[in-house]
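Asker: Chain by chain, the residues:
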Amino acid sequence: MNNLPNLSKDNFEFVQGHTRIFDKAPETKPIGFYKDAFGRFKKNKASVVAACVIIFLVLFALITPLVAPFTMSYKEEDYARMLPKNFLSSAIITPEPQKSTTIHYERALAVGVGAHHFELVGMSLSEANEFLKESGLSKAMEGEYAAVKRLISQKEIKKGTVVDIQFNFKLDTYKAVGFKYKNVSQAEYAKMKKWQEDNNLPLLFPMIDSTSFGLDGSADKESAIDANLWYKLNAGGRAAKSTSNSAKGIDEEYTHNYLMSVMTGTDPETHEPIFLPDPDRPGVIPVPEDPSTWWTKILDYSPQGKTGYQVRVLSENYFLYKYGKLPSFFLGTNNWGQDIIIRLAKGMQTSLILSVSVVVACFIIGSMLGATQGYYGGWFDLISERILEILANIPFYAILVLVKFHWINNPDVNISPVMGVFIAFVMLGWIGDAGAMRSQFYRFKHHEYALAARTLGASDARVMFKHILPNSLGTIITGLALAIPSMIFAETSLSYLGLIDFEGPTTTSVGTMLSDGQLYLSTHPHIILWPAFAISLLMISFNLFGNGLRDAFNPQLRGVE
Amino acid sequence: MFKYILKRLGFLVLTFLIIFVVTFVMFKSLPVPKPDDAYKLHYWQSMGYDQPIMTQLWRYLFGFETVNTEGVIERIGGVFYGDFGLSLQYKKLASVWEVIFEALPPSMIVGFGGLIIGIPIGVMLGFFAAMKKNKWQDHTISTAVMVTISVPIFVYGFIILYYLCFEWGWFPSRVVSLDQGRTWFSPEVLKSLFPAMLTLSFGTIAGYTRRVRAELTEAMTSEYILLARTKGLTRGQAIRKHALKNAFVPILPGIIASIIGILNGAMITERLFSIPGIGGLFLTAVQIFDYDLLMAITFFYVLIGLATGIIIDISRGFLDPRIRVGSRKGGSY
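Residue numbers (this note's numbering), protein chains in the order written: chain E, 84 to 644; chain B, 90 to 422.
One chain only, chain E, in its complex shape (with noise of 0.2 Å):
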């Protein structure tokens, strides 16, 4: 203190002594309700996840009808419950030999022989197992054709005095599929022979007379209709009628497996079918001894009527013939042989499409109610009040089953069961929108700012809309994103009831999905595993979202469930 005086004058000078001081424009920008929400939105790592899963499930809705290669209307039963062939999956797998209810043992052992040793002299379905055995699968493997792919292990088996082998083997499953019969018209028929010859790719192959099939009581119906089993035939062109023959060594008088012609129709006097010989392929033409059998049975059902034939076709190149490309599905197939992938994100379309605009629809009509209610009070309110009340005692299921019955089962009213639907919720679903609005409104009614407001003279209309909304806003969408989740559920519960049918040519539901891949869920689980995974991923994501969305604009109620 004592060196103050010492100090010279010339040591200081002015800081902004030439300057004039102004007041300076805010460098940052500024930060306002809904960038401090956004802000603290960005914080909550799950939410920010929730809402990437939501958009890649949108885009997945919107996207996948425009690249997925088959379409809405694409139905092919041969290829019905197929496994999901994509980057995780190959659709190759083990059958289990005790547990072969969804793929026969020895049919899928038959596709690989029966595409490449066609011309081989027929067997019975013993010796073809015997026939497998001796050989080890070596033949069952060979070709592109062969649905068994890799032989992993063969034990022996003894069953008294027969020694049976079981293999186990890696199959695929799309290869599987191997020979089906089809009716097809003359012209038809000229087509696959010409487009077989063009891409030099077999397509027909020799029939295969199955009308003695099971006589000795070792096959089922359904066997019988199946054209992977190969059978061996007597010189009449004859399926071997039993096994004991074979032990009696009358073998052989069988000469041919397959019936190397192709069915024209049926004579109009015996109705006995008629084959004529393929003039590529000549075969012996087999006069069948019952002609109730299925085949005639199914040719006279057939459009093609008389004039049609039946051919056998490998399926894969038959699917190729068809439609340009080989068979594979993303996610698999149904159990109507839909593509899963497409069914999906259509479905998924119907429930984000009817969720939001239900969810829009009821916040538009239950915030102007509930707005008028809240602002204006007293009796309005009063009345209003009572009436919601009871409107909000209606059940669902009865609004529902009126629209059903009135507009969506009536073939007078052009209304789609969206639309049905979308009705049916907002008649019921606006009244929790007018509450929730009506208490917003009641709390900022009398806050210093719509009194500021109204004091300079802003119209009733300009307080609520400009002032007092923007405030309640927060709570408004935070609901709205948590009532979309909700709205998901009730579409799909009421498809997966039965209670409301979307199934239309473009147009399912993931609920029709879920109902009709239940049928299957014990044997291919895959048909219900996506359309499930996709809605609960759905709904996690909405309800995170809207839990972020809900810390955010409101961040007193964190953590609070």
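Derived from the structure by calculation, the hints contain no laboratory data. C-beta atoms are modelled at their ideal positions from N, C-alpha and C, and glycine is treated no differently. It is possible that some hints are incorrect.
Below, a list of computed lysine-lysine pairs in the DSSO-like style, where the Cα atoms sit at most 30 Å apart [what the hints assert, rightly or not]:
1) 125(E) x 222(B)
2) 224(B) x 128(E)
3) 126(E) x 222(B)
4) 126(E) x 224(B)
5) 128(E) x 221(B)
6) 125(E) x 224(B)
7) 128(E) x 222(B)
8) 126(E) x 221(B)
Covered stretches of chain E, as calculated for chain B (at least 3 residues, CB under 8 Å) [what the hints assert, rightly or not]:
9) 465-478
10) 487-501
11) 567-575
12) 598-612
13) 615-622
For chain E, the structure is supplied; the task is to place chain B on it using the hints.
Answerer: Only chain B this time, still in chain E's reference frame:
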């Protein structure tokens, strides 16, 4: 209190009557197919299904006296006489009450089983999460609850069906039928109902965990717990004597509501496991368009919904002496 209950009951009857008339008119605006069966046609005409709606309402409420084939005067229908009509499609001319009461036991057993499994686990998990608040256990439980509540119930059903019924074969995938003298309480029938109970319990567990945790954490941060601790009570004593009691005031009415709610049945679960319950009955009634049955079930649902509201409010007053239900001023209700 008594006055309050009377008042609420009066209001219930009023609301129910209004909803009744509104729903009745709405249902009656649908065309009823004329039955070709002579017995059904007799009922159909007696109830005035081709008459104006007001006539139908009158006959539905008070019934219709008619001379039957044996010359005896008998009354058909009449809600005021306890007759909600006859089922025309589902069971030939059976009283709808009979049909509904037949469907109630399986629904109630499954619903009750779901609660028996769900509530204790839910309450315990919620308690545990609240005790470990903001620790990893709490976060794990909260996340699991979030996921469990979000995932739709049929997904649990599929998982349970696939693993418990098909893959592992512990339970039959369908409900055992009631022939050979079995009742709903026979061991094998109960066993076949178990997967459905388990499916229902997922939602119950998640819901109760969330509520118990929320209520208990709120109670734990309140001032009376602080006071109790300052007085020298241990944490356990404070929780037992103060926090738990207060936390359960809002939860117990919820449990009562859940118990009444089992009367509603569970449509999705009943369809998943093909249980012949009331939810499934409603679906069938919609599909085959059984008029009286549909209306009776609807009114049954409305009545349960309205009654639950009253019972919850009244039970609140019994459970917590501080709440004076129906008091005019200063009451916490």
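Asker: Hint by hint, say whether it matches the structure.
Answerer: Against the structure, the hints:
1. Using a Cα cut-off of 30 Å, the hinted pair residue 125(E) and residue 222(B) holds, with the two alpha carbons roughly 24 Å apart.
2. Straight-line distance between C-alpha atoms of residue 224(B) and residue 128(E) comes to about 18 Å, which keeps the hinted pair within the 30 Å bound.
3. A C-alpha spacing of about 21 Å is found between residue 126(E) and residue 222(B), which places the hinted pair at or below 30 Å, so the restraint holds.
4. Straight-line distance between C-alpha atoms of residue 126(E) and residue 224(B) comes to about 20 Å, which keeps the hinted pair within the 30 Å bound.
5. Of the supplied pair hints, the one linking residue 128(E) and residue 221(B) holds, its CA atoms being roughly 23 Å apart against a limit of 30 Å.
6. Distance hint between residue 125(E) and residue 224(B) is fulfilled; the C-alpha atoms sit about 23 Å from each other, no more than 30 Å.
7. Taken as a hint, the residue 128(E) and residue 222(B) pair is honoured in the structure, with Cα atoms around 20 Å apart against an allowance of 30 Å.
8. Between residue 126(E) and residue 221(B) the CA atoms are separated by roughly 24 Å; this keeps the pair inside 30 Å, and the hint holds.
9. Residues of the region 465-478 of chain E with a Cβ under 8 Å from some Cβ of chain B number 5, which satisfies the need for three, so the listed coverage holds.
10. Residues of the region 487-501 of chain E lying with their CB closer than 8 Å to a CB of chain B number 3, which satisfies the three-residue condition for coverage.
11. For a cut-off of 8 Å, the count of residues in the region 567-575 of chain E with a CB near a CB of chain B stands at 3, and the three-residue condition holds.
12. Interface restraint, the region 598-612 of chain E with chain B: holds (5 residues with C-beta to C-beta distance below 8 Å; minimum three).
13. For the region 615-622 of chain E, the stated coverage by chain B holds: 4 residues have a C-beta nearer than 8 Å to a C-beta of that chain, and at least 3 were required.
Violated hints: none; the structure is consistent with every hint.
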